[in-house]
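K.L.:
Kindly generate the complete structure, drawing on both the sequences and the hints.
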Amino acid sequence: MYAAAFLTGVASLSLLSGFAMTLGWAKKQEPTLFSKGVHPTEIGHASLESGGSLAMRALGRATLYSVSGFAVFCFGVWKLMGVETMSQFREKMGKTLPSVPRNDPPQSRTEFSGIRDLLQYLIDEDQNKARARNSPDDS
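First residue of the sequence shown? That's 1 in this note's numbering, and the numbers climb one at a time after it.
Keep in mind that the hints were calculated from the coordinates and are not lab data. Incorrect hints may have been included.
[Claimed, not checked] Cβ-Cβ distance ranges computed for the label pairs, FRET-style: (1) LEU97 / ALA130: 29 to 39 Å; (2) ALA132 / VAL72: 42 to 52 Å; (3) VAL72 / ALA11: 21 to 31 Å.
Model, not experiment: these values are computed from the prediction. For glycine and all other residues, C-beta sits at the position ideal for the given N, C-alpha and C.
P.N.:
Structure, rendered in structure tokens:
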């Protein structure tokens with residue numbers, strides 16, 4: 001439980017710091033255009049919303065819609081399955097979904113010396129599968 005809270009906190013902090021750094025970079029690159037996007041402008045008698053507040057409002061609404069939509073979806077699945085507890089949900093999903101076969105012992109390589117070794121292995125495996133598909137069956 002503490003690990004999940006820690007990882008969520010780290011992810012949130014990194015997201016916010018990345019957003020703040022991007023805003024700072026944009027302000028440093030084009031300060032006049034940045035200030036035009038932050039302050040509302042007036043055209044005729046109508047006052048237009050600033051770009052920053054429009055973006056924040058859109059982000060807030062999108063977040064609200066996506067979180068509430070997914071919550072409604074999860075609630076619907078929960079009620080359609082007719083479960084009362086999380087353990088019942090886990091048990092019912094385990095029966096419904098196909099089981100993942102164990103890979104013990106592994107049928108392929110699991111250790112690589114570096115990214116080049118991994119990529120070369122993937123290329124070789126793909127070529128072997130392509131050759132196997134293209135060769136005529138002997139049976």
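K.L.:
Look at each hint and say if it fits the structure.
P.N.:
Results for each hint:
1. LEU97 / ALA130: 29 to 39 Å: With Cβ atoms ~31 Å apart, the hint holds.
2. ALA132 / VAL72: 42 to 52 Å: holds, 46 Å
3. VAL72 / ALA11: 21 to 31 Å: Given range 21 to 31 Å: holds, Cβ gap about 24 Å.
Consistency with the previously given hints is maintained throughout, with no hint failing.
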